[in-house]
Amino acid sequence: MRSVSTYKKLLGAQGEDFVVEYLLKQGCIILDRNWRIKEGEIDIVSQYPNGVVAFVEVKTRSSLTFGHPIEGIGIEKSMRLQRLALAWRCTNKMFGADYQIDCAGVLAIPNRPCELDYRSAIL
Amino acid sequence: MGLASLSSISLVGLNGHLINVEVDIGDGIPSYILLGLPDSALSESKDRVRSAIINSEEEWPRNKITVSLSPAWMPKSGSGFDLPIALSIIAAHGAIPLAPEADSVFLGELGLDGEVRPIRGILPSLLAAKSLGMKRAFIPFKNFLEASLVSGIEVVPVTSLKETLQILRGGQIPQHFQEESETVTPASDIDLMDVVGQSASRRALEIAAIGAHHLLLIGPPGTGKTMLAERIPTILPALDSEQGIEVTAIHSVAGKLLNSTGSNSLPPFVSPHHTTSTAAMVGGGSHQIKPGAASLAHHGVLFIDEAPECATGVLDALRQPLESGEVTISRASGIVKYPARFILVLAANPCPCGRSSGKGRGCTCSSLQIRRYLQRLSGPLMDRIDIRLLVLPPSRLEMATATKSESSAVVRSRVVAARDTQRNRFANFPWHLNSQIPAKLLRTDFLAEKAGMNLLLSEMDMDRLSARGFHKVLRVAWSVADSNQHQIPTITDVQEALSLRQSLGHFS
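Here the protein sequences come in this chain order: A and B. Numbering that gives the first Met the number 0 numbers the first residue of the first sequence as 0 and each following residue consecutively. Numbering that gives the first Met the number 0 numbers the first residue of the second sequence as 0 and each following residue consecutively.
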C-alpha cells in the first residue's frame, strides 16, 4: 500500500463521514465502514430501507484542479469494487442479498460547504 | 440525461451513405462509449470532441455518454464525424435545440481548440446528401471551394464549433461566408512550345489526344519522353463541368484536395514511380478503400516512366481499367468501384543501357538482354497500346533553329475540333471516341477507303499485322482522318496510322 499523507487521509475520512450522514438521512443502515482486505477497501457498506445492500465508493477532492471527484472513479475502480463486494458478501454470509454499487463524489473546498454528487447503481 | 441524433455521411468508394449519429447521456459514472465499427481515427474522436467542447465554453456532461453511429454494421472511418458527435452531445445535454435540423448533414473534424478542420471526400459526400434529400449541409470552411461545385443543397461553411452552435441557436450565418468563391483554373506553365523539333512525336501526340489512344514512347535517355508526356494534358480539351466534378470527387476521396483551391478544368496528369505497388496503382487499402493512380488519372493521362522496370503484375493490373474504364476493388470491408478512363502513356528505354536505338553505337547490352527488356511489357498489355513511337534525339539542325514550335493552344484547338467531329459521328452510339469503336462495328460501319482496307489486308497477308492490330490501326486511322478533316480514312491516313504502330521496327 502506498503511503498516504495525513492530509489526504483526513480529507478522505471527512468525505466519507459526509456521505454516511447523507445515507443516514435517506433512512439507510450502515453495515460496515472501511472494510479492508488485501484486494482493496470498501469505503461504506449500507443497506437501503428496501433491503438492497449498497457498496459505496467515495472520492473526495478539495479543489476542481484535477477535475470533479466523480470523474476520479474510473471503470477499473468500479470493477474492483464489484469483486470486493463479492468478497464482503461471502465473508458476511449475505451472498444472496440484492446489492448494488454506488459512487459518491465529494467536493470539499476549504471554507465552503461540502458538495455531494451521489450516483446509485452505476454498473 | 437526454437523447439526441444528427445526420452525417460516410463514404464507401464514391458512394455516400447516411449515418445517424445518436447520443445518449445516461446514469452512471462518467464514461464514453463509441459504437458502430469505428476505425482508429474515429475512435480517437473522443479526446478531440471532449477538448473541443470544453474549449468552446460548453459543458462536458459528467455522465455515461453512449455514442452510436448507425447503421451499426457498416465500418466507418475518418475524422469527419467529430462535428456531429460534438453537436449531438451538446444537444443531448440540452444546451441546444436540434429539432429543426432533421434534414441537415454535418461534416467536419474538430481541433482541440474547437476549430472545424477540413476533411477529405466533401464533394462526393455532398452529392450523396443531396440525392438523399437533405436540404442543408454544415461543412468545414476550408472545404468551401470544393463544396461550392455542388448545387441544390444549402451549404453552411463553419470555422469553429462555437460558431456552429451560434447558428444552431438561431444566430445569423456570419457575413464573410457570403463571399463569392472563385473557381481558379491554374494556368499550366508547361507548353508544347517548349519541345524542340520532334515533329513526328508531336504529330503522334496530337493523334493520341484526338482519339484518346494509348501510347508507348521508346527512346534513349534524355530525348524528351517525359517532357512530351507531361504536355499531353495541355493539348487535351478542357474538362466539362460533369467531368470536372467526377475528377474532383476522386481526388477529394484520395485526400489530394485538402490544400487546393477548388475545381480544375485541366485534365489530370498522374505519373506513378515505377516501383509503385499494385494497390497504389489501381487502388486499395484495408479499411477505407482509396483510389489509386489509375483513378486519379481519370479523364486525364496516366504516365508510367521506365515501364519495363515496373514489378510484374503492376502494369497488368491496368488491363481491367483499360478494358472497362473502371476499377473494381474487393476487400474484406466491401467492394468499391472507381472510374478510371485515362490515356495510358508508357515510356521505356530501348534496352537496359538505353543506347541501342539508331545505329546502337555504344550499347553494352547483349541481344538477349535487349529482347528480354521489352518483353517485360506483357503481350496483352501491348495489344491495348495503339500508338508505338520511337523518340529520337533532336537533330543538330533542329537544335540550332530558332523558330518556335506550335504552342499547346494551337494544337488543342485542332484536337477540340476533331473531338467534335467524333461526337457528331458517334451521336447514335454509347461511346464518342475513335479508340472506343468496337471491333465488330469497325468491320461493318466504320471501314476505311477501299485502297486503305486493301493495304491493311495485304499487311495481314504478309504477317506483319495481327487481327487485333488490324482493328487498332483502323481506329488510329479514323483519328488521323479526323485530324486531316477527311470524311473517312484515305489511303494516306491508313498509311500514317500503320507507321504510328510500326515505327519501332525491330522493337515492336
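Simulated from the structure, these hints should not be mistaken for laboratory data. Positions of the beta carbon are idealized from the N, C-alpha and C atoms, including for glycine. Please note that a few of the clues may not be correct.
Derived lysine-lysine pairs resembling DSBU-like cross-links, with alpha carbons at most 30 angstroms apart [claimed, not checked]:
#1 A:Lys76 / B:Lys45
#2 B:Lys63 / A:Lys76
#3 B:Lys336 / B:Lys129
#4 B:Lys134 / B:Lys336
#5 A:Lys8 / B:Lys63
One side of the interface only, derived from the structure: several residues of chain A facing chain B at Cβ under 10 angstroms [stated by the list, open to error]:
#6 Ser77
#7 Ala86
#8 Ile108
Results of checking the hints against the structure:
1. A:Lys76 / B:Lys45: holds, 21 angstroms
2. B:Lys63 / A:Lys76: holds, 15 angstroms
3. B:Lys336 / B:Lys129: Status holds; Cα separation ~21 angstroms.
4. B:Lys134 / B:Lys336: holds, 27 angstroms
5. A:Lys8 / B:Lys63: holds, 29 angstroms
6. Ser77: Holds: closest Cβ of chain B sits about 6 angstroms from Ser77 (chain A), inside 10 angstroms.
7. Ala86: violated, 21 angstroms
8. Ile108: violated, 17 angstroms
Checked against the numbered hints above, the structure breaks hints 7, 8 and satisfies the rest.
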